[in-house]
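Starting from the structure of chain A, add chain B with the ligands where the hints point.
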Amino acid sequence: MTAPSPHDVLRGRQPDVDGIPPDHDGTEHGWPERPFRERYDEALGDERLARNLTAFQQSWRGNRGDAIESIDFGDLRDRLRASKTATIADLETHIATFQAAAERAGARVHHAASAADANRIIRELAELHDVDLIAKSKSMVSEEIELNHDFREHGIDVVETDLGEWIVQVMGQRPSHLVMPAIHLGRQQIGAVLTERLGRDVSREDIAEQVRVVRDEIREVFFTAGMGITGANALVAETGTVMMCTNEGNGRLTSSVPRIHVVIAGIEKLVPSFEDAVMQLRLLGRSATAQTLTSYTTFITGPTPGHEMHIVLVDNGRRQMAALPEFREALNCIRCGACSNVCPPYREVGGHVFGHIYTGAIGLVVTPFLNGLDAVAGPQSLCVSCNACATVCPVGIPLPRQILDVRKMVVRKKGLHPAKRVAFGVLSRPAAFALASRVGAKAQLPLTRGGTFVRTQLPVLNRQTRWRSLPAVARRPLRDRIRVGETQPPLRPVVPNGAAGRTVALFPGCITDRMYPEQGQAVNDVLRHLGVRVVLPVGLNCCGLPANNSGDEPNARRMARQTIRALERTRADHIVSGSASCVAMIAQDYVHLFREDPVWLPRAERLAARVTDFTSFLATVAELPAGSLAVPVPGSIVPDGRVTYHDSCQGLNALGLAAEPRRLLADVMGLRIDELAESTLCCGFGGSFSFEYPDVAERLMNRKLDDAESTGARVIVTDNQGCIMHLRGGADAGRRPLRVVHIAELLAERMRLLGAARSVE
Amino acid sequence: MSDTETMLEEFGRRAAALGVRVDRVPDSAAAASTVQGTATDARVTRLVVSGEVRRRAPGLIQSIEASLDVETATDPAAVRDAPLALTLAHTAYAETGSVLLAEPDLPDRAVGMLSGTLVVVLPTGGLRAGLEDAVAGLRAIASQPGGGYATLMTGPSRTADIERVLTVGVQGPGKVVVVFVDHLL
Ligand code: SF4
Ligand code: SF4
Chain A
1 MTAPSPHDVL
11 RGRQPDVDGI
21 PPDHDGTEHG
31 WPERPFRERY
41 DEALGDERLA
51 RNLTAFQQSW
61 RGNRGDAIES
71 IDFGDLRDRL
81 RASKTATIAD
91 LETHIATFQA
101 AAERAGARVH
111 HAASAADANR
121 IIRELAELHD
131 VDLIAKSKSM
141 VSEEIELNHD
151 FREHGIDVVE
161 TDLGEWIVQV
171 MGQRPSHLVM
181 PAIHLGRQQI
191 GAVLTERLGR
201 DVSREDIAEQ
211 VRVVRDEIRE
221 VFFTAGMGIT
231 GANALVAETG
241 TVMMCTNEGN
251 GRLTSSVPRI
261 HVVIAGIEKL
271 VPSFEDAVMQ
281 LRLLGRSATA
291 QTLTSYTTFI
301 TGPTPGHEMH
311 IVLVDNGRRQ
321 MAALPEFREA
331 LNCIRCGACS
341 NVCPPYREVG
351 GHVFGHIYTG
361 AIGLVVTPFL
371 NGLDAVAGPQ
381 SLCVSCNACA
391 TVCPVGIPLP
401 RQILDVRKMV
411 VRKKGLHPAK
421 RVAFGVLSRP
431 AAFALASRVG
441 AKAQLPLTRG
451 GTFVRTQLPV
461 LNRQTRWRSL
471 PAVARRPLRD
481 RIRVGETQPP
491 LRPVVPNGAA
501 GRTVALFPGC
511 ITDRMYPEQG
521 QAVNDVLRHL
531 GVRVVLPVGL
541 NCCGLPANNS
551 GDEPNARRMA
561 RQTIRALERT
571 RADHIVSGSA
581 SCVAMIAQDY
591 VHLFREDPVW
601 LPRAERLAAR
611 VTDFTSFLAT
621 VAELPAGSLA
631 VPVPGSIVPD
641 GRVTYHDSCQ
651 GLNALGLAAE
661 PRRLLADVMG
671 LRIDELAEST
681 LCCGFGGSFS
691 FEYPDVAERL
701 MNRKLDDAES
711 TGARVIVTDN
721 QGCIMHLRGG
731 ADAGRRPLRV
741 VHIAELLAER
751 MRLLGAARSV
761 E
Chain B
1001 MSDTETMLEE
1011 FGRRAAALGV
1021 RVDRVPDSAA
1031 AASTVQGTAT
1041 DARVTRLVVS
1051 GEVRRRAPGL
1061 IQSIEASLDV
1071 ETATDPAAVR
1081 DAPLALTLAH
1091 TAYAETGSVL
1101 LAEPDLPDRA
1111 VGMLSGTLVV
1121 VLPTGGLRAG
1131 LEDAVAGLRA
1141 IASQPGGGYA
1151 TLMTGPSRTA
1161 DIERVLTVGV
1171 QGPGKVVVVF
1181 VDHLL
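Chains as they are written, first to last, in my numbering: chain A, 1 to 761; chain B, 1001 to 1185.
Next up, chain B with everything else stripped away, as it sits in the complex:
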């Protein structure tokens, strides 16, 4: 197995244990199908996207727009309790099944914070092995002029505050889908 395959396998195992669905697809068209499939499962036709994913993966957004009403996040109130949202991850880490979301702008951040189901896409090349590999990225994000806001997201929002019984979906997304795209356009 190649390094990527090994990392994908570990990421998939870790993320699945947290209830995250993980897909690997060859291109943006296939990624669009995954998003559409998720929308069908959730019985929704509206998709809120971050400005970042629209800028960085216009091809993907275009493919999705063929079947869903795509809305770009403008402020948190508009995103509040959106059933389905899409964002772009900076990198992902096999060791923990985490994706790193770099979200300096509030509307983009709101997409990952306030939606019910969150689909996260990223290029397959953005998958790294261990958390020490996150250090350089975190340092770079934090060193930008004006600082930054980054989150290592590891599974859905959850609580076990009442009698240690696990309940997913508190203030953050209750469902997370991660899609690795070999050629993300």
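In isolation and in its complexed conformation, chain A is listed as follows:
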């Protein structure tokens, strides 16, 4: 059998090798894409995929942590963000400066309004120069415009020269990650495909051999291609310079050896000066691959002597994004891929499901503009709103919020799921919600037998509930335990603290009120034992978070208005909630919900300034002294004094709480904290997410519970009722020896004890 040429390899059909899931519909180019649910189910069935991605995310986190030690990440991020934002605000000026300088240096600049335009411009150049083979280095814009497919249809072969890109091209797939295109594949699959395609035996184990084989296949292309296409990491306006970061060296060859060099770049890649480019470099390598710099950072100004250089500036929806305040900041993206590297659902299903052509969080945001809303309707629903991506993005893009804005667009176009429509309709009407809760509390009795869980399986909800017990509705909600609207007098402070004498309005949140009133009671009691006057305001309902996270903007606004009305009436010094999620919603999301409402925006802003979460209140207002609650408690929730702490996504990622709860547990209460292996990872609840995507939710939950068990501690402490509901349900259904409690419950048992001792004295 003769070895095929690079042309033959690329013209080959979809491999039919055991264990390799086909990734397209059988057409030669592989697109259009198969339905989202089909891809989702297939990814879930591929155990190796989640294993690979888990290992990747875990090692990336550690390496990135080491890589950013030598810089002030927050400061650099803020400066780069400011620079990119200012550039986008004056984009046309920078484009004009860039074009003039690039053309002075001998390059030609082309403007492509659409994907079709970009393909046509480059194709005409190829035809003009009789080019039938093109070498291409990694360029996400070329993926966006489906250049390879377009050129193939016109009889021009484009060969990817980046190793990972070449592999996915040969397999008829798309990259599944912005930076690591073949991260979804394993060596066995790659070895099998190479053996089949090249007609000779290639190791399925030896990665060095696989790299050598692919490298040799690609090498010839640089010398035979008539055109080289590269992307750009930045376009430096002052000199018309193209900046390109690569590791393999293929980008330098692609931009140098073929006689025609075409650069294809989105218009958002403009930076004014080399100072801005260097600032970007300091963050790009570290965020992408945890390198201080990639092996080659190349600056190209004008063509190689005797060659031609063309720069195609692609709009394709970017100017439309720039005109929308909600989405403008997504143009600051430097395509580092970090947002995928911390994303919990991405880890479980990979980039062919979590994204479209652009994958990960940023893919969910830009796809509607670049490739249409339909392409992202399914993938966006997989975002669990955990906010992890926002914490690592080197340009501080508010990705979770933008994803919710995309979700709202999808809901506006396609409508809300009927079950959610009913649920939010009830939730947003306080009387109906109250009635439903009371009826539910009675109706559930045959299922709960008076306990705290609904354990009976409903066949219709089997997939959603077989792995977790659902919480019972409390027979007496918090509002029946504390007199609503009546200020409770303070108790004598059990420890010296800075909150004594203040008044706090308590916002329990609807889960606490209806499911876990004992946790609301605990918050209430802790505050009172600090000498605080506490009031449960009149008119409280759900804060609107479930509706907001489901893209139901009208009901989210309706509940937000109810909450603002109820809380702004109180004259308390502070509004405190034991639910980190509710606080993030009220203090952060309301302002966005009412961004165009001149009446409600100022009211939302005023309220945001008054709301604080329970842990922060204790840390910044009460300032409990170290050791002040380190007392033995008979019959304590934590008999052995050991706990592990689960950082809720909203507590950690939205409110920035990490040290505060640990100080309360360890310093104030004297407990030993056995840290979770991946303490920053979401537990998989995400509200209705866990009903829509029970398989992903179950996996994330079990990972968390496994990690918790292996700490040796038997008590998981956290600050969010959603996580408590999810983890308790999982621990109960899995008969795990774990208790899940709110931090207030631990504080309360100590304060009650001290309070009782005081009253005896």
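Please keep in mind that the hints were generated in silico from the structure rather than gathered at the bench. Note that CB positions come from ideal geometry on N, CA and C, so glycine has one too. Errors might be hidden in some of the hints.
What the hints assert, rightly or not - Residues from chain A shown here face chain B by an in silico Cβ test under 8 Å; the list is partial:
id : residue
1  : F56
2  : R215
3  : E248
4  : Y296
5  : T297
6  : Q488
7  : P489
8  : V535
Unchecked claim - Per label pair, the in silico range of CB-to-CB distance:
id : chain 1 : residue 1 : chain 2 : residue 2 : range
9  : B       : P1083     : A       : R34       : 46 to 52 Å
10 : B       : P1026     : A       : P305      : 45 to 51 Å
11 : B       : A1016     : A       : I71       : 18 to 24 Å
Said to hold, decoys possible - Pulled a few chain A residues facing chain B out of the computed Cβ check, cut under 10 Å:
id : residue
12 : W60
13 : S70
14 : P272
15 : F274
16 : R282
Positioned in the frame of chain A, the structure of chain B with the ligands alone reads:
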């Protein structure tokens, strides 16, 4: 320690972490020995050099020619997969262990792109502290009439595209040696 010593120490640490060998030598004769030693290790007698290093360090080339067959790069095909090559860096940066290669001409560029082992020489005085120090050089290179082509090279060519396993030496040099020469002639 002098500023240069401090920068050399940092450059050496950063570059070594990437698998780059770094030498500092007093003069071109000593630099020639380093190149010869590298050739011996690689078991080769042929050395491809860039036109730039031949022009700017004729003394070094002369010393090397005593023991190796030195060939000046003329076009990429001739340099393709040359086992050993030598080029001159514009500057180097301690912060990242990078060398800045300014290579407007294709044959010179090919030396750094297509060889298996690349030796990069530069005057010790060309070592700078941080990347912000690269800005002026990059601007100057880009502002030349007809533009320019410059690369900050940070370690050997590498990939981790398959299962994140690092493999060095893909399309660029798999081995890099940087030689700082106090008096480069
Ligand atoms: S918010 Fe969480 S789930 Fe959503 S994209 Fe970001 S990291 Fe992924
Ligand atoms: S959105 Fe941020 S984290 Fe994601 S690829 Fe872009 S720059 Fe990187």
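Results of checking the hints against the structure:
1. F56: holds, 6 Å
2. R215: holds, 5 Å
3. E248: holds, 4 Å
4. Y296: Holds. Min distance 5 Å.
5. T297: Interface hint status for T297 of chain A: holds (4 Å vs cutoff 8 Å).
6. Q488: violated, 57 Å
7. P489: violated, 61 Å
8. V535: violated, 55 Å
9. B:P1083 x A:R34: 46 to 52 Å: holds, 47 Å
10. B:P1026 x A:P305: 45 to 51 Å: violated, 36 Å
11. B:A1016 x A:I71: 18 to 24 Å: With a Cβ separation near 20 Å, A1016 of chain B and I71 of chain A satisfy 18 to 24 Å, so the hint holds.
12. W60: With a closest approach of 9 Å, the W60 of chain A hint holds.
13. S70: holds, 8 Å
14. P272: Constraint on P272 of chain A not satisfied, violated at 12 Å.
15. F274: Because about 4 Å separates F274 of chain A from the closest Cβ in chain B, which is inside the 10 Å limit, the hint holds.
16. R282: Nearest chain B Cβ about 7 Å off; hint holds.
The earlier numbered hints that this structure contradicts are 6, 7, 8, 10, 14.
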